[in-house]
Every structure is written in C-alpha cells, then in structure tokens.
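Participant: Residues per chain, in single letters:
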Amino acid sequence: MSGLRPALRIFAAEALKQHRRLFGQPLVVFSMLVWPVLQLATTYYTLRPVATASPAAAHWPLSADPHRLLAFLATGTLAYAFFFSLVQSAWHLSFERTTGTLELLFLSPAGRLTLMLANGAGALVQNAWLLTCFTAAALLGFGTLSVAAWWMYGVVILALLVPAVAWGAFLNSLLVFSRDSAFLYTILDEPLWFVSGVRLPNFALPAAVRVIGTAFPLTASLTAIRGALLNAEPLSALAPTLTWLTALSALLLAAAALLLRVGEARSQRTGRLTLI
Amino acid sequence: MATATAWRTGRATAWRTWQTTRRAYPWTYAVGTVLPAALTIALGHLAFHAIGAGETGSGFHEGPYLAYLAVGATAYQFTVRLILWSAKALITEQRQGTLGALLIAPAGRLPYLLGFTAFAVLSSVAEFLTLAVVVAALGITIPVASPLGALAGALALITATFAMSVGLGGLMIAAGEAHISQNTLFCVLGLLCGYTFPRAYLPAPAQWLADALPTTAAMDVLHGSLTGGRTLTDLAPRLALSLLLSLGYLLAGLRGLPRAEARAVERTY
Amino acid sequence: MTTGIQVRDLRKDFPVRDRGLFGPRTAKTAVDGLDLDIPAGRITGLLGLNGAGKTTTIKILATLLRPTSGTVRVDGLDTVADARAVRRRINLIAGGERMVYTRMTGRENLWYFAQLYDVPKRQVRTRIDDLLALVGLTNAADTPVERYSRGMTQRLAIARGLVNDPAYLLLDEPTLGLDAPIARDLRRVVARLAAEGTGVLLTSHYLAEVEELCSHVHVIADGRHLAAGSPAQLKTATGSHATVRVTVPNPSPAIAEVAARFGATRTPADDGAEVLTLRHPDDIAGPLAAAVVQAGGSITALDITEASLEDAILTLTDRTARTEAVPA
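As given, the protein sequences belong to chains P, U and V, one line each in that order. Position 65 of the first sequence, counted from 1, bears residue number 65 in this note's numbering, the numbering being contiguous throughout. Remember, this note's numbering sits 1000 above the position in the second sequence when you count from 1. Remember, this note's numbering sits 2000 above the position in the third sequence when you count from 1.
Since the hints were made in silico from the structure, they are not lab data. Be aware that a few hints might be false.
Stated by the list, open to error - From chain P, some residues computed to sit far from chain U (all C-beta separations above 10 Å):
id: 1; residue: L38
id: 2; residue: A53
id: 3; residue: H67
id: 4; residue: F134
id: 5; residue: L205
Said to hold, decoys possible - Label-pair ranges, simulated between beta-carbon atoms:
id: 6; chain 1: U; residue 1: A1206; chain 2: P; residue 2: Y153; range: 42 to 48 Å
id: 7; chain 1: V; residue 1: S2308; chain 2: U; residue 2: R1267; range: 47 to 53 Å
id: 8; chain 1: U; residue 1: R1267; chain 2: P; residue 2: Q25; range: 18 to 24 Å
id: 9; chain 1: U; residue 1: R1267; chain 2: V; residue 2: T2138; range: 52 to 58 Å
id: 10; chain 1: P; residue 1: C133; chain 2: V; residue 2: T2138; range: 53 to 59 Å
id: 11; chain 1: P; residue 1: R269; chain 2: V; residue 2: P2039; range: 43 to 49 Å
Stated by the list, open to error - As a list, the in silico SDA-like pairs of lysine to any residue whose alpha-carbon atoms are at most 25 Å apart:
id: 12; chain 1: V; residue 1: K2028; chain 2: V; residue 2: G2197
id: 13; chain 1: V; residue 1: K2028; chain 2: V; residue 2: T2002
id: 14; chain 1: V; residue 1: K2121; chain 2: P; residue 2: F11
id: 15; chain 1: V; residue 1: K2028; chain 2: P; residue 2: L8
id: 16; chain 1: V; residue 1: K2121; chain 2: V; residue 2: V2080
id: 17; chain 1: V; residue 1: K2121; chain 2: V; residue 2: D2165
id: 18; chain 1: V; residue 1: K2028; chain 2: P; residue 2: G3
id: 19; chain 1: V; residue 1: K2121; chain 2: P; residue 2: L8
id: 20; chain 1: V; residue 1: K2028; chain 2: V; residue 2: G2041
id: 21; chain 1: V; residue 1: K2028; chain 2: V; residue 2: G2051
id: 22; chain 1: V; residue 1: K2121; chain 2: P; residue 2: T98
id: 23; chain 1: V; residue 1: K2121; chain 2: P; residue 2: Q268
id: 24; chain 1: V; residue 1: K2121; chain 2: V; residue 2: R2084
id: 25; chain 1: V; residue 1: K2121; chain 2: V; residue 2: G2197
id: 26; chain 1: V; residue 1: K2121; chain 2: V; residue 2: T2002
id: 27; chain 1: V; residue 1: K2028; chain 2: V; residue 2: P2015
id: 28; chain 1: V; residue 1: K2121; chain 2: P; residue 2: R5
id: 29; chain 1: V; residue 1: K2121; chain 2: P; residue 2: R266
id: 30; chain 1: V; residue 1: K2028; chain 2: V; residue 2: V2080
id: 31; chain 1: V; residue 1: K2028; chain 2: P; residue 2: Q268
id: 32; chain 1: V; residue 1: K2028; chain 2: V; residue 2: L2314
id: 33; chain 1: V; residue 1: K2121; chain 2: P; residue 2: A15
id: 34; chain 1: V; residue 1: K2121; chain 2: V; residue 2: M2104
id: 35; chain 1: V; residue 1: K2121; chain 2: V; residue 2: N2139
id: 36; chain 1: V; residue 1: K2028; chain 2: P; residue 2: A265
id: 37; chain 1: V; residue 1: K2028; chain 2: V; residue 2: L2049
id: 38; chain 1: V; residue 1: K2121; chain 2: P; residue 2: G271
id: 39; chain 1: V; residue 1: K2028; chain 2: P; residue 2: R272
id: 40; chain 1: V; residue 1: K2121; chain 2: P; residue 2: A12
Computed from a predicted structure; not experimentally measured. Ideal Cβ placement from N, Cα and C applies to all residues, glycine included.
Okay, chain P solo, but in the shape it has when bound:
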C-alpha cells in the first residue's frame, strides 16, 4: 500500500483510535496539564535563588526577567511533554502485543512505518493540545514573546512537531520489538529532561551531557523554539539547528524503518515479537 492516500487513511484511523483511547481521560488532563504546570512552578522557584544572584544576568541575560525565565522553562515543559507523551504512547503500543491487536496490524497490508508514524502523531495530538493551548495563552499573556516574523510561529510548530513525530515512530518501532520496555521507559523519563536542556540553558550543561543531548531531537527542537520565540532569532540564525533537526528526524525515521523490517522478519522467523 504505497502512495499518499492510503497513508492518510491510516493516519485518520489512528487518530480516531487515539482519540477514543485518550480524549477526556482524567489521566491525560493530569499528566499533560496539571502535573507539568505544578512541576514548572517548582522548577522556577528552585532556580530562583540562582537566577536572582547578581552575576546571573551577565551569564544568562534571560534570567534577569522573571517572566522571561518562566517563559524559558515553560517552553521546556511543553516540548518535554510533547516528547515524553510519545514515550508513553510507545509504551502503550507495546501492550498491543498482549491484547493481540498488534498481530492484526501486522496481518493487514498497511505500511508498517506509516502505522508507527500515525500512531505517534495521533497520540501526540490527543495528549498535547491542552498543554499547548495553556502554554500559548500564558506566553501571550505574559507578553514575553519576541519573534522575528509572524511566519516564525510556523517554523516553531514544525520544529516541535516533525522531530516529535519522528521520535514517536522510532520509539514505537523500538518498543514493539523490545523485551523490556520498562527499562526504556525509565531511561527516557527523567534523564531526558536533564540532557536536553529542558530546565537549563545549554551553556550550563557539562560538555559530556551536551554531547549526549545532541542525540535527542528534543535538544535541538528546544534550541530552535526558544531562539525563535524568546530571542527573535531569524531563520538564518536558526538554520544550523533546523538542519541538524531535519537530519536527526530523517535518521530516526530510517532507524525506525530498519527496526520494523528487521523486527518483523525476525518475528516471522521465530514467531515472537522480540528483537532487543
């Protein structure tokens, strides 16, 4: 089933499935709005003694303005919620192994990579819309946004969405064939915010952490979003970051395709959905 039209139908199908699974669930409201907002406030206050130190403004001009510091952390919270919600949805997809529905997906002629992409995208939309609306309203309300051109908002949305969906497809493919998904879930929860500069500017991170962070699309995604929204950086200034983000997304998709191919071939040989 190649071509755009069948792919769009798979996206529509997954969108409905994820809508039914997630929409109106109290858990989504809590995990994708209440908890992130409370954690955002905690992080903000925890960093405040440092941000108000007299040398801070010289090292990190943004920290001098409480609203801008909050905006910095809020964009981090939002982007982290995007990427982590995909970890959760991949974790959930791995349970379709036990309910037997995963076998039905592999029985169908639907493109495997398309399915993984559609699954992640569907879950992302259902999970993230609340926090997105909240953050957008808060940022606009604080008046801290400083954007080079109106269409940079489009760049921001793309810089957040495209890598997140690629990340989701990669994680889905990984967890579908993984023996111990709890391990990945733990690894990708707390350490993800630390290495990706969710709560700290990149310059504050040690070089080793920064190198690890580069491998996660969340890092570059955040650099682009913050540059565009908080520092009015034009497209030219963000070009290197966006190029890297594009390359990383392509790499994740290629890895997902490879995982699916190898994983499915192996399951056809052994009768078991375990690769790693």
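Model the placement of chains U and V on the given structure of chain P, informed by the hints.
Facilitator: Below, chains U and V alone, put in the same frame as chain P:
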C-alpha cells in the same frame, strides 16, 4: 496484650513485604527513586556554578544553596517513597485480590500500615547511600547546626508522611485509583512544602495551604537544624505544630478508613 | 483470478535456545514437508491433535510467519515475495481472543480496519453495515466494545476478519469458547461465504463442525500430512467401524450361534437379557437383527453408533505413532 498483637502484625507485615520485594525487586524501580533526586541536585549544582557563579540572590537566607537543595531533594524523594509504600499498601492488596482476606483478619489497620512504613524506611537506606555518593561527588557538604534537631525533623517528616498516607490510602481504595492521586499529591507537596526552595517565594494563598500540611513544618525543622543554623529550641514550635497536624491527619485518616474499606468492598463485589 | 492457495513442501523450524541466552541453538520443526490445496469456494478442514502444526500452518498462510523452506502461493502470489498483495486477499479469524479495541465502538473498530485495508471509500459504509448485520451487532454498533459481552466481542472479531472481503479466509478454532447459538450462526456465515466463492481453511477442535462444513479435510500430525479426503472417505480409509448393539431379552443357544456367525460379542445384561455387540465397516444392523428374529429371539433395543471423524483421526495418529516407534 493489645500491644503485643499490634507488634506482631506490624512485624509480620514488614517481614512479608521484605520477602516479596527481595524476590522480585525491579532495579528500574530503584533507578526511578534515586534518579529524580540526583538529577535535581545536579541541576542546582550546574545552575549555581554556571549561572549564579557560586552566588545566590539576596532573597535567599537559608544557608548554602546546594546543601539546602540536597537536603530538600533527598527529603522529597524520601517522602515520595514512603507514600508509595504506605498509601499504596491497601490498594495493592485490593489489586492482588487479598484485601478481602486482610479485612476479615482481626488485626488492626494501624500496625499493618506501620509495618509497611517501617519496611519503606529501612529499604530506603540503600538508596540514600547512593544519593550521598552523588552529593559527595558534587563536592557538597551539609552543615549540621543541630544534630538533635535534624533527628527530630527527620522523625517529624516520617510521622507527617505516614499520617497523610493513611488518609490517602483510604482515598485510593475508595476510588479504586492510585496513579493520579499519588502523582498529584507528589506535585503538590513538592511545590508547597518548602522542600527545594523557601516557602516564602510562594503567593500568599499557596502559603496558607502549605501551612495546613504537616510536612511543611517538618521540613522547616529539617532545613532549619541543618543548613539554617537553628537550634532545637528555636525550632520547637514548628516541631510541635508538625506533630499536632500529623496527629490530626492520622486520626482523620483512621476514622475514614473503615468507610473507605466498606466502599471498596461494595465496589468490587 | 482465483486459483486457490497452493502449499508445497512447506517446512517451518523454530529456533530454540535450550539454556539461557548463550545456550546451544536447536531447531524445533513445527511443519514438515506439508502439501495442501485450498481452492476457492470450498471449506477445507485442517485437522490434527494439539501441537500438530495447524496454527503454525495458518500463520504462514497469513504471512505472519515465514516458511523455512517450501512455498505458499495465494492466487499465484508468493506469501514471502508478494506479502502485501497476499495480505489484501486474505484474513484470519482466531477464536478465543479479544483482538479488538475496547475503547472504540463496534462500528469504529470495523472502520479502523477498513482504513488499514484501504477498502474502497464508497464501499466502507455499506460493508460495515452489512457486516454488523451479518454478525447481529446492528443494535450495538455504536456502543463501545468495553460494554460488549464476550460473545458480542467475538462476533465483532469475526466481522473484523471479513472487513476486506477476503478471497481466502483462514479460521483458526473460530468457535472456541463461543456460545452454541453464536457458533451455529458462525457456521452458517462460513457456509454462505464459501457458497459465494470464498476459499476457507478451517481448523477446529469440534469435529462435528468440521464434518458439517468441510467437503475436504486434511489430517496432519507432527507437522506432516497424514491423509486427505472427504470426511466419509477418511472414515472408510481408516476402517472406522460403526457399532451395532442388539439387546435380546430371551437368549438361547440359537442366538449364540447367530452371534458366532456374525462375529458379535455377547455380554449379559439385566434380567437375563443379552447384548450382542458388533463393530463392522458395512451397514450390518439389518441382517443381524433379521438373523436374531429368525433364530426365535426378540429384540428390545437396537442401537447403531456411526463411525466418527474423531475415530478416524485417532486411528491415523495412532498409526503414525506406531510407525515412528519402530525405528526408535
């Protein structure tokens, strides 16, 4: 006689939990409990040096920032761990299908829950040693102004957490839900109770809310006696308030528990 | 073009690690040189005891497993090289499993899979309505599956298996755990689909079901083909006998002589009566009864138990077990 029975129930519970956990201890669980605190301390460490250049703003009077943060993050993680064990004890029984057997046993609920807490406190020791290594590796030394006060603060924190867990545990079995209630409580405690930053930063209404939680006063005692440079005498009123609030929570929780249990049984059968 | 499913010299080995992660690898043979033909418009049965290789065979036909060697062609398409085209032509219904999404309604489940199968847009609506009617879920179409009963969920799973209007339907124990009336309805649906041209492969534990539905049956054991034919042919070929029991209230030496002549065994019954039992491949009840009456006996009961397919399969598998026992 009653004390002997209570002691036996508590000891049996702690022993059983130790046995089942020892058999199937998920290492991811340990990582999940040590990592958040370690990362929070590391975050503060990096920010303190790279952004604040080793200084804090004039509004922070709680002593050395990193030591304060290390104490707060560790205490927070400890609170989370304790609640996970004590509050979830009953709903875990419910999910395993053993709640019914527990409810018809003549043993009291308080020693049973205390048994769980005792186990949680003991089992956390290894995890705190790991955290201590992290703190030491970052070169953070924690000043101890009043060892007695610190001990009293730690005990007050355990008591406060336990007191809140009893009510929360009842809430969980009545609602048949643990995930949302526990995580919401964790977020609220982390924000309000002055673990990683002084409560004075919060807006006034949030501070009033914080004062209604026994963990807040307990953290005042803990922070005050370590990095705050206060003596136990200074902190005695806060300690008393914490214990008083804990007693209130405990009594309310124990009163509500039978009703919650009845509700849980009705819901499942 | 429907040329049926041809299975040729099919073999499937599963890799097995005996001890831990680094233990020696051995292969467990689940299917061993199997040949099958599943024509369109007919229900073909695949029978065998547990572990005979039925489910493995079905999963290979469904492209979920890849053969170690040998070929499976569906309308001339190879299940490995042309997997995607094959998937469009087939579907699989396995009994005893939920296999649907509980948060969605029945209609939404079917719509979801219709999208995955790229069912022509104009047909989606009518096909879903038809399928819901077929499995008797029209009234529950817009109820979330989590509120369905077990039987309703299984009926939905059946409708799901028909959503792409498959040319070939693979049924792996489809009535397992179904209530009797629902199982009967399913049999009707399957018979109708076959009459309309669908090729069906059916495995089932309920041999009555196979006898009722299948015009052609393959018997396999240990992944090997044992016999094929119509249920009646299989019974004859295995020499399965009908059992005749004649109860005579007034036994006499003459009756004993009749019994000896026919080779029937005599067992005493209550009140001095005697039961003559005879196992025979032919319809012998009439002549036996006539001979008894001629010898002056009366008959209070005449009972004939027909040979069953089950007997035939047990005989067949027993035979392989015996032949295998010789070299060992």
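Participant: Determine for every hint whether it applies to the structure shown.
Facilitator: Structure-based check of all given hints:
1. The claim that L38 of chain P is not at the interface with chain U is violated, since a C-beta of that chain comes within 10 Å of its own (minimum 4 Å).
2. Distance check on A53 of chain P: its Cβ comes as close as 4 Å (rounded) to a Cβ of chain U, failing to clear the 10 Å threshold; non-interface status is violated.
3. Non-interface status of H67 of chain P relative to chain U is upheld: no Cβ of that chain comes within 10 Å, the nearest being about 15 Å off.
4. No Cβ of chain U approaches the Cβ of F134 of chain P within 10 Å, the least distance being about 15 Å, so the stated non-interface status holds.
5. With a least CB separation of 6 Å from chain U, L205 of chain P falls inside the 10 Å interface cut-off, contrary to its annotation.
6. Here the CB-CB span from A1206 of chain U to Y153 of chain P is close to 33 Å, at odds with the stated 42 to 48 Å.
7. Hint check: S2308 of chain V to R1267 of chain U, Cβ distance near 49 Å, so the stated range 47 to 53 Å holds.
8. For R1267 of chain U paired with Q25 of chain P, a C-beta distance near 20 Å keeps the hint of 18 to 24 Å intact.
9. At about 33 Å, the CB distance of R1267 of chain U to T2138 of chain V disagrees with the hint of 52 to 58 Å.
10. For C133 of chain P paired with T2138 of chain V, a C-beta distance near 39 Å fails the hint of 53 to 59 Å.
11. For R269 of chain P and P2039 of chain V, the hinted distance range of 43 to 49 Å is not satisfied, since their beta carbons lie about 29 Å from each other.
12. Of the supplied pair hints, the one linking K2028 of chain V and G2197 of chain V is violated, its CA atoms being roughly 36 Å apart against a limit of 25 Å.
13. In summary, the hint linking K2028 of chain V to T2002 of chain V is not supported, as the alpha carbons are separated by about 34 Å, beyond the 25 Å threshold.
14. Note on K2121 of chain V and F11 of chain P: the hinted pairing holds, with a Cα-Cα distance of about 15 Å set against a maximum of 25 Å.
15. Between K2028 of chain V and L8 of chain P the CA atoms are separated by roughly 42 Å; this puts the pair beyond 25 Å, and the hint is violated.
16. Note on K2121 of chain V and V2080 of chain V: the hinted pairing is violated, with a Cα-Cα distance of about 28 Å set against a maximum of 25 Å.
17. Between K2121 of chain V and D2165 of chain V the alpha-carbon distance is near 14 Å, which keeps this suggested pair within the 25 Å criterion.
18. Under the criterion of a C-alpha separation no larger than 25 Å, the hint pairing K2028 of chain V with G3 of chain P is inconsistent with the structure, at around 40 Å.
19. For the proposed pair K2121 of chain V and L8 of chain P, the alpha carbon gap of about 13 Å is at most 25 Å, so the pair holds.
20. Pair hint K2028 of chain V plus G2041 of chain V does not hold up; C-alpha atoms about 34 Å apart against a cutoff of 25 Å.
21. About 12 Å separates the Cα atoms of K2028 of chain V and G2051 of chain V, which keeps this hinted pair within 25 Å; it holds.
22. Between the alpha carbons of K2121 of chain V and T98 of chain P the distance comes to roughly 31 Å, so the proposed pair goes past 25 Å and is violated.
23. A threshold of 25 Å between alpha carbons decides the hint, and for K2121 of chain V with Q268 of chain P the separation of about 31 Å lies outside it, so the pair is violated.
24. A distance of roughly 20 Å separates the Cα atoms of K2121 of chain V and R2084 of chain V; the hinted pair therefore holds under the 25 Å criterion.
25. For a cut-off of 25 Å, the pair hint linking K2121 of chain V to G2197 of chain V stands: about 23 Å separates their Cα positions.
26. Distance check on the hinted pair: K2121 of chain V and T2002 of chain V sit about 24 Å apart at the alpha-carbon level, within 25 Å; holds.
27. Pair hint K2028 of chain V plus P2015 of chain V holds up; C-alpha atoms about 6 Å apart against a cutoff of 25 Å.
28. Distance hint between K2121 of chain V and R5 of chain P is fulfilled; the C-alpha atoms sit about 11 Å from each other, no more than 25 Å.
29. In summary, the hint linking K2121 of chain V to R266 of chain P is not supported, as the alpha carbons are separated by about 34 Å, beyond the 25 Å threshold.
30. Under the criterion of a C-alpha separation no larger than 25 Å, the hint pairing K2028 of chain V with V2080 of chain V is consistent with the structure, at around 21 Å.
31. For the given pair, K2028 of chain V sits about 15 Å from Q268 of chain P by alpha-carbon distance, which is consistent with the 25 Å threshold.
32. For a cut-off of 25 Å, the pair hint linking K2028 of chain V to L2314 of chain V stands: about 24 Å separates their Cα positions.
33. At roughly 17 Å between alpha-carbon atoms, K2121 of chain V and A15 of chain P fall within 25 Å of each other, so this suggested pair holds.
34. Our distance criterion of 25 Å between C-alpha atoms is met by K2121 of chain V and M2104 of chain V, whose separation comes to about 20 Å.
35. Distance check on the hinted pair: K2121 of chain V and N2139 of chain V sit about 23 Å apart at the alpha-carbon level, within 25 Å; holds.
36. Simply put, K2028 of chain V and A265 of chain P have alpha-carbon atoms about 18 Å apart, close enough for the 25 Å limit, and the pair holds.
37. For the hint pairing K2028 of chain V with L2049 of chain V, the CA-to-CA distance comes to about 17 Å; that is within 25 Å, so the pair holds.
38. Taking the CA atoms of K2121 of chain V and G271 of chain P, the gap is about 34 Å. The hint is violated against a cut of 25 Å.
39. For a cut-off of 25 Å, the pair hint linking K2028 of chain V to R272 of chain P stands: about 14 Å separates their Cα positions.
40. Using a Cα cut-off of 25 Å, the hinted pair K2121 of chain V and A12 of chain P holds, with the two alpha carbons roughly 13 Å apart.
Checked against the numbered hints listed earlier, the structure breaks hints 1, 2, 5, 6, 9, 10, 11, 12, 13, 15, 16, 18, 20, 22, 23, 29 and 38; every other hint is satisfied.
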